[in-house]
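Q: Listed below are the residues making up each chain.
There are 2 protein chains.
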Amino acid sequence: MESVKDKAILAKSGFIILSNAKTRDKNETLESMAKSLDKNRKKILEANKLDILGAKKLLQRGELTDALVKRLEVTDSKIDEMILGIKDVIKLEDPVGKTISAIELDSGLELYQIAVPIGVIGMVFESRPDVIPQIMSLALKSGNGILLKGGKESLNTNKAIFEVLRDSIKKKSIPKEAFQLLERREDVTGMLKLDKYIDLIIPRGSNEFVRFVQSNTKIPVLGHSDGICHAYVDKSYDEKKALDVCFDAKVQYPAVCNAIETLLVHEKSAKKFLPKIGKMYKEAKVEMRCCPVSYEILKDLKVRKAKEKDWSTEYNDLIISIKVVRSIEEALDHINKYGSHHTDAIITSDKKAGEYFLNFVDSSSVMLNASTRFADGFRYGKGAEIGISTGKIHARGPTGMEGMLIYKYKLIGNGHKVSDYVGTNAKPYTHKKL
Amino acid sequence: MESVKDKAILAKSGFIILSNAKTRDKNETLESMAKSLDKNRKKILEANKLDILGAKKLLQRGELTDALVKRLEVTDSKIDEMILGIKDVIKLEDPVGKTISAIELDSGLELYQIAVPIGVIGMVFESRPDVIPQIMSLALKSGNGILLKGGKESLNTNKAIFEVLRDSIKKKSIPKEAFQLLERREDVTGMLKLDKYIDLIIPRGSNEFVRFVQSNTKIPVLGHSDGICHAYVDKSYDEKKALDVCFDAKVQYPAVCNAIETLLVHEKSAKKFLPKIGKMYKEAKVEMRCCPVSYEILKDLKVRKAKEKDWSTEYNDLIISIKVVRSIEEALDHINKYGSHHTDAIITSDKKAGEYFLNFVDSSSVMLNASTRFADGFRYGKGAEIGISTGKIHARGPTGMEGMLIYKYKLIGNGHKVSDYVGTNAKPYTHKKL
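Going down the list, the sequences are from chains P and S.
The numbering used here applies: residue 1 is where the first sequence begins, and numbers increase by one.
The numbering used here applies: residue 1 is where the second sequence begins, and numbers increase by one.
Accuracy of the hints is not assured; some may be wrong.
Any copy will do: because identical chains look the same in the list, a pair fits if it lies in one copy or spans two.
The list that follows gives simulated cross-link-like pairs (lysine-lysine, BS3-like), each with its CA atoms no further than 27 angstroms apart [said to hold, decoys possible]: (1) 193 - 218; (2) 337 - 172; (3) 218 - 5; (4) 432 - 98; (5) 272 - 241; (6) 309 - 218; (7) 382 - 432; (8) 70 - 35; (9) 305 - 268; (10) 337 - 176; (11) 196 - 218; (12) 91 - 427; (13) 159 - 170; (14) 98 - 433; (15) 240 - 427.
If you're looking for bench data, these hints aren't it; they were derived computationally from the structure.
Produce the entire structure from the sequences given, and follow the hints as far as they go.
A: Here you go:
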């Protein structure tokens, strides 16, 4: 079997050809991929049966959870969704080759800034095999080579889907080598060392895993470890909106990064609002961990007292910490100090307070009277999401295909030399927009 | 004295206020800075005298070079240039707060992608004190906090310039704390650990120093270590253009990253072109290190034989390696293999070959019939340059103020909750461009 380094070199050499492929060739290849998934359902479902059998054994031994086994399973309707996902990518505009800026430096000397793919992207994901068609189609459309590494529990399924997709590539301008599947666990650490061939790592998985990747590679990492999100209810607010947003942001799907972990409430609103949202949380079995002031208000609901550590904890569960603040400034300070700059919301009927919050909270998504749960690539209209970035370099927040692109400068001259533009008789630059 | 961590925390707290400052306040502050430099010439020149005295002692002991002492020196005309530099930044458009995209997710639920500053930038530079007004004005205009660390030889000058600039800040919306000067050598390594407070490091200095920074921090780094650039003379070419470009790219200023280190020549052009450029190089005292074929052609000029190592060496000096290739494909392979993806040029009169080269060379700047020496922020019309990036994430090539920006998403709702948009009776998203 080829080593991870061999595969990375192959992907890099494929990338430079793929980066120049025509939109039509890319879309036609995506069409064949979608058809091929449809034709090879049996192969994929059978491979998946093997993985499910293996997973059930691990489940009996307590090494896997029910939820994980469920996520592993591929059904006919899941294959339908994969096919639809590829068709969505066909509809996305081809971002490669666009002119971002154009400027004349001097007569006959023209500079073009052109969008190009980044190169080779290393993607590490957990047991959901539907990531493969999604990421492979985005990489193909954006002209990037890709190394895919999924969870070992889904290896048979991943291989089957990957082979079906890769074998459907028939065009010379789309080199198969640009797409590589990694199969061994040690390939992940191997990949992290290949900064010469891999341009970006996108890890999807537990916070611990993402942090491990960030600390063990020189390659840039796009992703997020923590998602400590907040909702703040201001002194003037619409009660129905506040209850809707604060309940949705915590309860609708608590296991994900854009669910809130802390509720902040202005002291003027606390006595009226907290008992109502507290009752709703209680009925939904949300455990509440309260600051001294909110504890006094909610103690009949058998809430707990919050510890300092609670303000910086991502529960990913039906638990929420609650704090009463004296002002919007205190809320901002709390969020900028304890939060993870992911997604934070204000509920207010005061337009100025809303603007102030959106401007002064340093997070990738800031919401006014809307649930933090909307922070998601699909909901933001990006078609598909390659990840959510809490970094502030390159891409921030929910990131679609635009996160797989960079640019190059093309300078077109006519024998121009710099020595004419320096010294005593230096020619001036025109710097005229084209 | 405050620790580097204290200073980073101050810069971060200043940044969030500065990030919301009005364009007029920023430009008026830049005006006062320019005036203040003019009024305080004596203070700056006297501080500089101290540094020059110290540097001359080091020169006598052989610990500094003449060139470095020269770069340290501040004169009245250098202060004039600093003032002009600040005025140029005043003229640059304010990039903060621009709407990058706007989309309706559903009726009353609107998503805005807004340009915002990155946060706190750590800038490490060598002994040129004129970096301080340049970078400080760019940071101020783009709303970023900044930690500045210059060479120890220019500490007195750096402090004087920094104080003059910072003391001229009088507006509440421009917090002085956003700007910090680091004075101790150990502050550099201290800074590399502060990934909680510093969002981007820009190192300017020797290749070794940049590589040291890249290997010793989790903070993203914008910069370049190597500059291994090429010029390729194709089989059909205009002789005057080829001689002009190949001479300029090597000789005009060989110590910089965008000068070429290797000349590639098509075998059909070698016998005619090499003797002519060889003679020009010889007269300019350029040492030539040749492949076997070019050696045969140029041996009368007392050239040397190239070793394998030469193809991946950045000389930064009057030395060039020369190779004859059989095809444009061989030239591309050589450049993508040995180059540093910085800047590469083709000289050709064949339009198709030119396009092919610009598309298939994976470098941040690619030139057609123009010298590689043009790859520079000022020449590219960016006003000022924060660095040249050989990275492919965030910013690539010569980078101006745009490299100090990212965006945030603002979602404006009306009590919208995600639970309405999932499940059996899910509302659809409209995803309409605004």
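Q: Would you mind marking each hint as holding or not holding in the structure?
A: Verification of the supplied hints:
For the homomeric pair residue 193 and residue 218, the shortest alpha-carbon distances inside one copy (7 angstroms) and between copies (15 angstroms) are both at most 27 angstroms. Within a single copy, residue 337 and residue 172 get their C-alpha atoms only as close as 53 angstroms, which misses the 27 angstroms cut-off; across copies the closest is 22 angstroms, which meets it. For the homomeric pair residue 218 and residue 5, the shortest alpha-carbon distances inside one copy (16 angstroms) and between copies (24 angstroms) are both at most 27 angstroms. Taking identical chains as interchangeable, the C-alpha atoms of residue 432 and residue 98 lie at most 27 angstroms apart whether they share a chain (19 angstroms) or sit on different chains (22 angstroms).
In this assembly of identical chains, residue 272 and residue 241 lie within 27 angstroms of each other by CA distance solely inside one copy; the values are 14 angstroms within and 79 angstroms between copies. When the C-alpha separation of residue 309 and residue 218 is checked against a cutoff of 27 angstroms, the pair qualifies only between copies, where the shortest distance is 24 angstroms, while the shortest distance within a copy is 31 angstroms. In the homo-oligomer, the alpha carbons of residue 382 and residue 432 lie at most 27 angstroms apart only across protomers (12 angstroms), although the nearest pairing inside one protomer, at 34 angstroms, exceeds that limit. Proximity of residue 70 and residue 35 under a CA criterion of 27 angstroms is satisfied intra-copy only: 26 angstroms inside one chain copy versus 68 angstroms between copies.
Only within a single protomer do residue 305 and residue 268 lie at most 27 angstroms apart by alpha-carbon distance; the minimum there is 21 angstroms, versus 82 angstroms between protomers. Taking identical chains as interchangeable, the C-alpha atoms of residue 337 and residue 176 lie at most 27 angstroms apart only when they sit on different chains, with a minimum of 21 angstroms there against 47 angstroms within one chain. Within a single copy, residue 196 and residue 218 get their C-alpha atoms as close as 10 angstroms, and across copies as close as 18 angstroms, so both meet the 27 angstroms cut-off. Taking CA atoms no more than 27 angstroms apart as the test, residue 91 paired with residue 427 passes between copies only; the shortest distance there is 22 angstroms, against 48 angstroms inside one copy.
Taking identical chains as interchangeable, the C-alpha atoms of residue 159 and residue 170 lie at most 27 angstroms apart only when both belong to the same chain, with a minimum of 19 angstroms there against 64 angstroms between chains. Within a single copy, residue 98 and residue 433 get their C-alpha atoms as close as 16 angstroms, and across copies as close as 19 angstroms, so both meet the 27 angstroms cut-off. Proximity of residue 240 and residue 427 under a CA criterion of 27 angstroms is satisfied inter-copy only: 19 angstroms between copies versus 67 angstroms inside one chain copy.
This entry satisfies every hint, going by the numbered hints stated previously.
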